[in-house]
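Here is what each chain is made of, one letter per residue.
2 protein chains.
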Amino acid sequence: MSTIDERVSALRALMNEKGYDAYIVTGTDPHMSEYVAPRWRTRAFISGFTGSAGTVLVTKDEAILWVDSRYFIQGAAEIQGTCFRLIKLDIDNNPDTNTYIEQTLPAGSTIGVDRCSISISKFNELKERFAKRNLILADSDDLLEPIWEGRPAIPESALRSVPVHYAGLTAADKLSKVRAALKEKGADYTFIASIDDVAWLTNLRGNDIKCNPVFMSFCLVTMDKAYLFTSPSRFSEEVRKICEEDFIILPYEEAYSLSRYVSGKAYYDADRVSMAFSAVLDNPDSIKGRDITTDLKAKKNEIELRGMRRSHLMDGVAYINFLSRLNTEPDGSLDEIAVSDLLEKEREKLEGYLGPSFNPISGFAEHGAMCHYSATPESSKKIDHDGLLVLDTGSQFYYGMTDITRTLCFGKPTAEQKKDYTLVLKGHLALARQIFYKGTKGVQLDILAKQYMWQAGMTYYHGTGHGVGFNLNVHEGPMNVSSRLVDVPLEKGMVISDEPGIYKEGRHGIRIENLIAVDDYVKTEFGEFMAFEVLTMVPYEKKLIDLTYLDDSEISQINAYHQWIREELSSLVDEDAKAYLESATAPLVR
Amino acid sequence: MSTIDERVSALRALMNEKGYDAYIVTGTDPHMSEYVAPRWRTRAFISGFTGSAGTVLVTKDEAILWVDSRYFIQGAAEIQGTCFRLIKLDIDNNPDTNTYIEQTLPAGSTIGVDRCSISISKFNELKERFAKRNLILADSDDLLEPIWEGRPAIPESALRSVPVHYAGLTAADKLSKVRAALKEKGADYTFIASIDDVAWLTNLRGNDIKCNPVFMSFCLVTMDKAYLFTSPSRFSEEVRKICEEDFIILPYEEAYSLSRYVSGKAYYDADRVSMAFSAVLDNPDSIKGRDITTDLKAKKNEIELRGMRRSHLMDGVAYINFLSRLNTEPDGSLDEIAVSDLLEKEREKLEGYLGPSFNPISGFAEHGAMCHYSATPESSKKIDHDGLLVLDTGSQFYYGMTDITRTLCFGKPTAEQKKDYTLVLKGHLALARQIFYKGTKGVQLDILAKQYMWQAGMTYYHGTGHGVGFNLNVHEGPMNVSSRLVDVPLEKGMVISDEPGIYKEGRHGIRIENLIAVDDYVKTEFGEFMAFEVLTMVPYEKKLIDLTYLDDSEISQINAYHQWIREELSSLVDEDAKAYLESATAPLVR
Numbered sequence: 001m002s003t004i005d006e007r008v009s010a011l012r013a014l015m016n017e018k019g020y021d022a023y024i025v026t027g028t029d030p031h032m033s034e035y036v037a038p039r040w041r042t043r044a045f046i047s048g049f050t051g052s053a054g055t056v057l058v059t060k061d062e063a064i065l066w067v068d069s070r071y072f073i074q075g076a077a078e079i080q081g082t083c084f085r086l087i088k089l090d091i092d093n094n095p096d097t098n099t100y101i102e103q104t105l106p107a108g109s110t111i112g113v114d115r116c117s118i119s120i121s122k123f124n125e126l127k128e129r130f131a132k133r134n135l136i137l138a139d140s141d142d143l144l145e146p147i148w149e150g151r152p153a154i155p156e157s158a159l160r161s162v163p164v165h166y167a168g169l170t171a172a173d174k175l176s177k178v179r180a181a182l183k184e185k186g187a188d189y190t191f192i193a194s195i196d197d198v199a200w201l202t203n204l205r206g207n208d209i210k211c212n213p214v215f216m217s218f219c220l221v222t223m224d225k226a227y228l229f230t231s232p233s234r235f236s237e238e239v240r241k242i243c244e245e246d247f248i249i250l251p252y253e254e255a256y257s258l259s260r261y262v263s264g265k266a267y268y269d270a271d272r273v274s275m276a277f278s279a280v281l282d283n284p285d286s287i288k289g290r291d292i293t294t295d296l297k298a299k300k301n302e303i304e305l306r307g308m309r310r311s312h313l314m315d316g317v318a319y320i321n322f323l324s325r326l327n328t329e330p331d332g333s334l335d336e337i338a339v340s341d342l343l344e345k346e347r348e349k350l351e352g353y354l355g356p357s358f359n360p361i362s363g364f365a366e367h368g369a370m371c372h373y374s375a376t377p378e379s380s381k382k383i384d385h386d387g388l389l390v391l392d393t394g395s396q397f398y399y400g401m402t403d404i405t406r407t408l409c410f411g412k413p414t415a416e417q418k419k420d421y422t423l424v425l426k427g428h429l430a431l432a433r434q435i436f437y438k439g440t441k442g443v444q445l446d447i448l449a450k451q452y453m454w455q456a457g458m459t460y461y462h463g464t465g466h467g468v469g470f471n472l473n474v475h476e477g478p479m480n481v482s483s484r485l486v487d488v489p490l491e492k493g494m495v496i497s498d499e500p501g502i503y504k505e506g507r508h509g510i511r512i513e514n515l516i517a518v519d520d521y522v523k524t525e526f527g528e529f530m531a532f533e534v535l536t537m538v539p540y541e542k543k544l545i546d547l548t549y550l551d552d553s554e555i556s557q558i559n560a561y562h563q564w565i566r567e568e569l570s571s572l573v574d575e576d577a578k579a580y581l582e583s584a585t586a587p588l589v590r
Numbered sequence: 001m002s003t004i005d006e007r008v009s010a011l012r013a014l015m016n017e018k019g020y021d022a023y024i025v026t027g028t029d030p031h032m033s034e035y036v037a038p039r040w041r042t043r044a045f046i047s048g049f050t051g052s053a054g055t056v057l058v059t060k061d062e063a064i065l066w067v068d069s070r071y072f073i074q075g076a077a078e079i080q081g082t083c084f085r086l087i088k089l090d091i092d093n094n095p096d097t098n099t100y101i102e103q104t105l106p107a108g109s110t111i112g113v114d115r116c117s118i119s120i121s122k123f124n125e126l127k128e129r130f131a132k133r134n135l136i137l138a139d140s141d142d143l144l145e146p147i148w149e150g151r152p153a154i155p156e157s158a159l160r161s162v163p164v165h166y167a168g169l170t171a172a173d174k175l176s177k178v179r180a181a182l183k184e185k186g187a188d189y190t191f192i193a194s195i196d197d198v199a200w201l202t203n204l205r206g207n208d209i210k211c212n213p214v215f216m217s218f219c220l221v222t223m224d225k226a227y228l229f230t231s232p233s234r235f236s237e238e239v240r241k242i243c244e245e246d247f248i249i250l251p252y253e254e255a256y257s258l259s260r261y262v263s264g265k266a267y268y269d270a271d272r273v274s275m276a277f278s279a280v281l282d283n284p285d286s287i288k289g290r291d292i293t294t295d296l297k298a299k300k301n302e303i304e305l306r307g308m309r310r311s312h313l314m315d316g317v318a319y320i321n322f323l324s325r326l327n328t329e330p331d332g333s334l335d336e337i338a339v340s341d342l343l344e345k346e347r348e349k350l351e352g353y354l355g356p357s358f359n360p361i362s363g364f365a366e367h368g369a370m371c372h373y374s375a376t377p378e379s380s381k382k383i384d385h386d387g388l389l390v391l392d393t394g395s396q397f398y399y400g401m402t403d404i405t406r407t408l409c410f411g412k413p414t415a416e417q418k419k420d421y422t423l424v425l426k427g428h429l430a431l432a433r434q435i436f437y438k439g440t441k442g443v444q445l446d447i448l449a450k451q452y453m454w455q456a457g458m459t460y461y462h463g464t465g466h467g468v469g470f471n472l473n474v475h476e477g478p479m480n481v482s483s484r485l486v487d488v489p490l491e492k493g494m495v496i497s498d499e500p501g502i503y504k505e506g507r508h509g510i511r512i513e514n515l516i517a518v519d520d521y522v523k524t525e526f527g528e529f530m531a532f533e534v535l536t537m538v539p540y541e542k543k544l545i546d547l548t549y550l551d552d553s554e555i556s557q558i559n560a561y562h563q564w565i566r567e568e569l570s571s572l573v574d575e576d577a578k579a580y581l582e583s584a585t586a587p588l589v590r
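Chains as they are written, first to last, in this note's numbering: chain A, 1 to 590; chain B, 1 to 590.
Here chain A stands alone, though its shape is the one from the complex (with noise of 0.2 Å):
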């Protein structure tokens, strides 16, 4: 038997000690956070699935794993040689996780999950659905702890404090907002589990997570008190003292004796609350809605918005170092993981660097083809031959951050990759130009990124913008540029990404991708209209330009954009990068 075979029989027995007839495990953390810890990576330690998302069932005789496009390769590899069998998502008309459970369970069967691993507002919506075919949720302990020997530990990293000249705000200038927030609303207290939103108002800063500088973490603010819950244990004395100016610290653990700190009326948000705060906080007299430290955060102030712009400065100077170094390696020399490690050490000289903001992604030729590709040691792909390299790689700094990607193109690029990049540009530079009405939402100028690839048939998946954080996580609501509809208007002071991609399966990927804030850009007769600044400070790959394609308009766009570049950096960059930089910003001529 399988070690992970002796799992699944493990749980079967507290399931049916609880009397359930399935169990679900969805893989989140109780903050419902896009990254977890070792701790929580329950879906791996039950399944052996080591992805970023699925969703497991077990139930008295089956153990199963699904998986969407991403990884129908690496699931079924993954739990080879176990109890478990692979359902792949959104193909073959095959049932996802509830659905299948309404189809197999019969009727009156209890269906468990974690209620630390699940939003209010999912387990409600789920319950409803079941209780239709008279099928019973039940918010369960999580059965995994008894039966995990040597679990990780709940992470409690030291913390730092974001001096208010990079924050911009004071925490207790944030908790002023957050209660004048409150008020409007006509709530009394909110709870936050959101852990980059408590990173945030606290302006603490933990390592518990890989790449994102958050910390486990409660936050509860009535209008006269602020609550942290946090391990105690991982404060200096400095910053102690300076948390304490505004919040009573408590032990992680005790927000689950969240009943004892409220009274009146809550507001808190059900996507990201979960189930184990139900009893509290889950009542008619409770208001739901996003966190009100989401939309705050969102809007970078002007210091925060100083120090983005420094983090793209310091990033292009590395950036620039780089490709001029790559420039002079020897022909066939580099791999993948050699690319992105040659950028991370130049990238380390930079001050107040702290490290990337999420795993890089390097892909040559196919491999810059698969969007989530990520090189391990065995994968890396030796760049020895014409092609196309896909580079999406992200720093922290102590005073902002920065995702960015540039495809390179090494030895001679084809017609058809010339002509994909430059589609691709032409959609980058689109949504980056555009000035619009105040209140236009992500929704609207997605097309922008999309319409020339659309005039010839290609498309792509993923979304054209995220929100950025400020030393945060890569990825921040609450608004977007995608085909979703997201009701979120796009704001002064927001921090999006604008990368659209063409990706042709076994031959080659593109991507490019800068930062842009959101600013006012003008009043007249018709209204508030708002335009992009962009932070981002590298040229593009000029090689894979076909000029043919673009109008004066764009060449100038693309001119200036680079004699921007030029002229900022040029008195930063090594000596030795500065011949580069002048060629790969040289303006373009028909």
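These aren't lab readings, by the way, just hints derived from the structure by calculation.
Careful, some of the hints might be misleading.
If chains are identical, the list can't say which one is meant, so a pair holds when it fits in one copy or spans any two.
[As the list claims (entries may be wrong)] EDC-like mimics (lysine to aspartate or glutamate), calculated; alpha carbons at most 20 Å apart, straight line:
no., residue 1, residue 2
1, Lys185, Asp295
2, Lys543, Glu329
3, Lys288, Glu125
4, Lys127, Asp21
5, Lys504, Glu528
6, Lys183, Asp61
7, Lys183, Asp295
8, Lys542, Asp386
9, Lys543, Asp331
10, Lys419, Glu525
Chain A is already provided as a structure; the job is to place chain B on it using the hints.
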């Protein structure tokens, strides 16, 4: 005491009898129609206000009319000398009707509303909202009925049958499609209150509402029967025979005895069915959703599309003859009404022409800047100086419908007028030529029409595109193209308008409108793509095009469109209009 005040007094007496503290007059008909027959112009009857939108509230001591900005002036003028006062919407933080009720009526008050004048969804939403303030919303009898002497009768214009060679599908075909959808939804019957849906389903047309060939009716479709509730006296022997092949004809009022005819699970559109049917339909077993017929009707079949094309060809002939004649009228001899009459005269010569599809808009100079301007004999402006004329008109044919706006230039245009026209035209062309991924919604395409004027700090506040019926209503859902987040993909066969504009108050208005039909375009490795087919066949106003704002591909797009018009129409227009057609469609050259 004015007549209006007498009516308000009489209403108050009835309110008192019923125990109502307030009474709302919505001004809609029992079918939630956009345009209502004189019988249901209740808002005008009680307040004297004749505009197309507004709400009336009568309390024990107040009589209030709410109107939006279109009607600030007209509303104030029409209620002058009565007991009514005006509240302007969307200005000065004025409360709307419901907020006003919440703010001013004491707890425990009862507010009546004619149950035939409000949809089930609106009533339920409002009832719940009022309940929170201890206010009671009551579904009332129509209290205007007893006091309305000489109230117009329910219209019962004669019906005609649309033959299958125009409709493409027989009523039996359509009933099968409705039943297939009902089966899929797990419902046993559907009740349809939307009168254009009934007209589509029955392949019948009437003349109950000006410009809309609909007839007052309800329809009930069960799995084996179909009932049409409409005045039996409106059928000729021939039409009755055709109709009775598929429908049991019952009197209009008999619909209110719906419970006699139904059993099992209902499917119905709670936004379109009035509260009068709530007792039968609104129960937990029922399924609410958009009328099945609304989705079917929106996707025109091949025969309908052929008829739509023919309609536009015919309309193009009339328009060219009209424009050619307009050119020969002595300077200063025309006014706004004379222009639209001249066009109407040409349309009346067309085979199969039934009349206008809506009240023509003909607005010269500053009148063109008023989006909803409709010339009256008093307001009709003489065209005796240089200026632009916005001419928005449409035709009903036995075999289809048109809706077209052209902006005509009298005399010499200014540089500003040419710039504005060309920016509108660029947007209009960009939407028409866009190829788009299957599943794309209107809100995603909206910016294509706005992108260029936004760059210049200009915009418009109306939608970019609305659905258009087949010899039915000129505004038809469920899809549209606008900034609203409407979750309806554009599908093959849908016909929509493409009508951006710029309106400068007191100066000039510009709008350019074609109808375009959605079609499949190409299937690639990336998926399926759709494209638009342009239906409208009238040249743009070349005098107003400033070539410096157009790129070469836009000029080619215009030239190809004009060439197509010339080739299609040259043998069909009047002899004396041929030279005009030639010159109006001659290629643009830089």
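Hints versus structure:
Taking the shortest alpha-carbon separations for Lys185 and Asp295, only the intra-copy value of 14 Å comes in at or below 20 Å, while the best inter-copy value is 39 Å. For the homomeric pair Lys543 and Glu329, the shortest alpha-carbon distance inside one copy (18 Å) is at most 20 Å, but the shortest distance between copies (60 Å) is not. In this assembly of identical chains, the alpha carbons of Lys288 and Glu125 lie at most 20 Å apart whether taken from the same copy (14 Å) or from different copies (18 Å). In the homo-oligomer, the alpha carbons of Lys127 and Asp21 lie at most 20 Å apart inside one protomer (15 Å), although the nearest pairing across protomers, at 42 Å, exceeds that limit.
In this assembly of identical chains, Lys504 and Glu528 lie within 20 Å of each other by CA distance solely across copies; the values are 16 Å between and 40 Å within a copy. Taking the shortest Cα distances, Lys183 and Asp61 never come within 20 Å of each other, neither inside one copy (52 Å) nor across copies (35 Å). In this assembly of identical chains, Lys183 and Asp295 lie within 20 Å of each other by CA distance solely inside one copy; the values are 16 Å within and 44 Å between copies. In this assembly of identical chains, Lys542 and Asp386 lie within 20 Å of each other by CA distance solely inside one copy; the values are 16 Å within and 50 Å between copies.
In this assembly of identical chains, Lys543 and Asp331 lie within 20 Å of each other by CA distance solely inside one copy; the values are 17 Å within and 60 Å between copies. Taking CA atoms no more than 20 Å apart as the test, Lys419 paired with Glu525 passes between copies only; the shortest distance there is 17 Å, against 41 Å inside one copy.
When each numbered hint is compared with the structure, a violation occurs for hint 6 only.
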